[in-house]
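The listed protein sequences derive, respectively, from chains A and B.
In terms of the numbering used here, the first sequence has 64 at position 64, counting the first letter as 1, and numbering is strictly consecutive.
In terms of the numbering used here, the second sequence has 328 at position 328, counting the first letter as 1, and numbering is strictly consecutive.
Derived by calculation from the structure, the hints in this document are not laboratory data.
Predicted, not measured: the structure shown is a model, and the values here were computed from it.
Just so you know, not all the hints are guaranteed correct.
[As the list claims (entries may be wrong)] Derived CB-CB ranges, DEER-like: (1) A:282 to B:171: 42 to 52 Å; (2) A:72 to B:197: 54 to 64 Å; (3) B:190 to A:296: 54 to 64 Å; (4) A:304 to B:190: 22 to 32 Å; (5) B:195 to A:282: 43 to 53 Å; (6) B:200 to A:6: 45 to 55 Å.
Beta carbons: idealized from backbone N, C-alpha and C, even for Gly.
Number of protein chains: 2
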Amino acid sequence: MDDNITLSLEEVRTLSESTLKKHGFNAQHAQAITDIIYANQLGDCHSHGLYRLFMCVESIKSKRANGTAEPTIIDAGPAVVRADANDGISLLALKAAMPTLIEKAKHNGVAALAINRCFHFSALWPEVEMLSEAGLAGMAMLPSHAWVAPAGGTRGLLGTNPFAFSWPRQGKDPFTFDFATSQFARGEIELYRRAGKPLPEGVAMDEAGQPTTDAEKAMNGAMLTFGGHKGSALSLMIELMAGPLIDDLTSKESMAAAQGKHEAPYHGEIILAFDPHLLSGGRVSENNNRAERLFADVIDQGARLPSQRRQAAKARNLARNAVDIPKALYEDLIKLKQDA
Amino acid sequence: MDDNITLSLEEVRTLSESTLKKHGFNAQHAQAITDIIYANQLGDCHSHGLYRLFMCVESIKSKRANGTAEPTIIDAGPAVVRADANDGISLLALKAAMPTLIEKAKHNGVAALAINRCFHFSALWPEVEMLSEAGLAGMAMLPSHAWVAPAGGTRGLLGTNPFAFSWPRQGKDPFTFDFATSQFARGEIELYRRAGKPLPEGVAMDEAGQPTTDAEKAMNGAMLTFGGHKGSALSLMIELMAGPLIDDLTSKESMAAAQGKHEAPYHGEIILAFDPHLLSGGRVSENNNRAERLFADVIDQGARLPSQRRQAAKARNLARNAVDIPKALYEDLIKLKQDA
Chain A
1 MDDNITLSLE EVRTLSESTL KKHGFNAQHA QAITDIIYAN QLGDCHSHGL
51 YRLFMCVESI KSKRANGTAE PTIIDAGPAV VRADANDGIS LLALKAAMPT
101 LIEKAKHNGV AALAINRCFH FSALWPEVEM LSEAGLAGMA MLPSHAWVAP
151 AGGTRGLLGT NPFAFSWPRQ GKDPFTFDFA TSQFARGEIE LYRRAGKPLP
201 EGVAMDEAGQ PTTDAEKAMN GAMLTFGGHK GSALSLMIEL MAGPLIDDLT
251 SKESMAAAQG KHEAPYHGEI ILAFDPHLLS GGRVSENNNR AERLFADVID
301 QGARLPSQRR QAAKARNLAR NAVDIPKALY EDLIKLKQDA
Chain B
1 MDDNITLSLE EVRTLSESTL KKHGFNAQHA QAITDIIYAN QLGDCHSHGL
51 YRLFMCVESI KSKRANGTAE PTIIDAGPAV VRADANDGIS LLALKAAMPT
101 LIEKAKHNGV AALAINRCFH FSALWPEVEM LSEAGLAGMA MLPSHAWVAP
151 AGGTRGLLGT NPFAFSWPRQ GKDPFTFDFA TSQFARGEIE LYRRAGKPLP
201 EGVAMDEAGQ PTTDAEKAMN GAMLTFGGHK GSALSLMIEL MAGPLIDDLT
251 SKESMAAAQG KHEAPYHGEI ILAFDPHLLS GGRVSENNNR AERLFADVID
301 QGARLPSQRR QAAKARNLAR NAVDIPKALY EDLIKLKQDA
């Protein structure tokens, strides 16, 4: 068992906001970022919780990300809002544009938000859950860095390209998923490398384009997509939808721009919102029941809905008004805060 | 090598239209269906070419599908068009609604078409390519019958739930993919069963929910999704997007309604259209170049774009103004036509 430390929910927020502000994020950015870090930590999603403060700070220290950037919100069409993050972290742009996205989706039936020129470090599930909280279905996707080979290829070209979806449920936690289209997340391979453990088959190839289970070689070679040529096709779609479609970078362009630095990747993001009312011809409650029967049928056969574990952790942590984090992480975070 | 027969492109069209008309489809339906059967046959997609005439005829013989149904096109919101197929095959409804979908996407930036109460037998790639031909990106998805178990489950619940995407390319065949979210297509398992060949691992489970490579047991058990829990999550999303979101059936409801008959599945479909002009802030040509660099990088490393094989077959068959089909299929088709 890890050596953990317990923080109150208030302490999670305070630690995040104060660290961000000390390193040069203004109050608006610090709050938008903290909202998301807090939501992840509350659900015991450690990899996207307080741990991500290191990446945020790195992004601002390298002087590439702007901690006081004011996002520009552009009404780009009846069903399109574009949010130029102006080199800030994506989350303030997201927060600023979200009310317009929701309004446009409810008015038109479907709408899109394109976030441009942003640094992006966060999980996508909180973003699509902003939509399901508003009674809409939501989809989000974005590129990253060119670490992943297309099916049949030998070199990194695609990002780990996450895809997320959320569906609103009456009086219940939404149905939500958020996954990387790479077989493994980049950080997972890094953990295998540190532990000196062999990777499973089918996760990566070496620099020569040959299958490898050596995590060191995998880091210098290329990762594989999940699901063979189907996952590869989806990943290419994500490159297009969150890149050229919205006038922003592909994973290869994003990686070239970063020049090997460890800050958050810089690129665009697309978020789609769907209004069940207009799309169902007003028959929302019958169709909510239909969706609930589908979910019940999943659970009845012993399967799990995608976010059940996180949602259970959230309920548990809310009830005790606290979360546990590894003691070593906490000590590093205190150092990070003092290191401003 | 199979014993093949060569048909002129004109013969493909005539055989399809006349067979459909003889069995009770009106001229509009026969033409809408033939356009799609022809496109598949032209690309050597045999499983969705003339072979599908058997399913069309079955659907009308069982008296469930209506061969003269007039689709009702409903303007359901600024960015939503709904097409009620009124129990006809989906393709006439699709054809009737497509101009509105394109117009709405170009005006709003993004738009959705919901097709309801349709029999659906066709591949999705021709549907999304109607959008890329109009300069739009397109996405389509639909349920089928509850043959596929969710990840961690033991029983059929999800459909083979196809997902298709197309991206317009200047002066080139579009980038298109169209895949089932099940590991195998239903028909593939049927082929293994007939041939008495064992299935690969990871494709199916038996009635008791245990992994099996026995195709007979798989037909009575459940199929698996591609890509483990990620593919399963995507398949659930497709159930929701093309079912409850648009007031139509889930795969389980569709299978119950069919009562074991071999006609085309009856349910809904959602098609999404995205306008590169509005979404990119008018910078279409720079972003077309960016997308082309992505495709070139795929091909340069020896990988293939998803539809390259079909597009090469199409070019070849257009040049010789003919296609080859198995002789046995041709003989069965002639019988089908006479059997009206």
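Of all the hints given earlier, name the ones this structure violates by number, lowest first. 3
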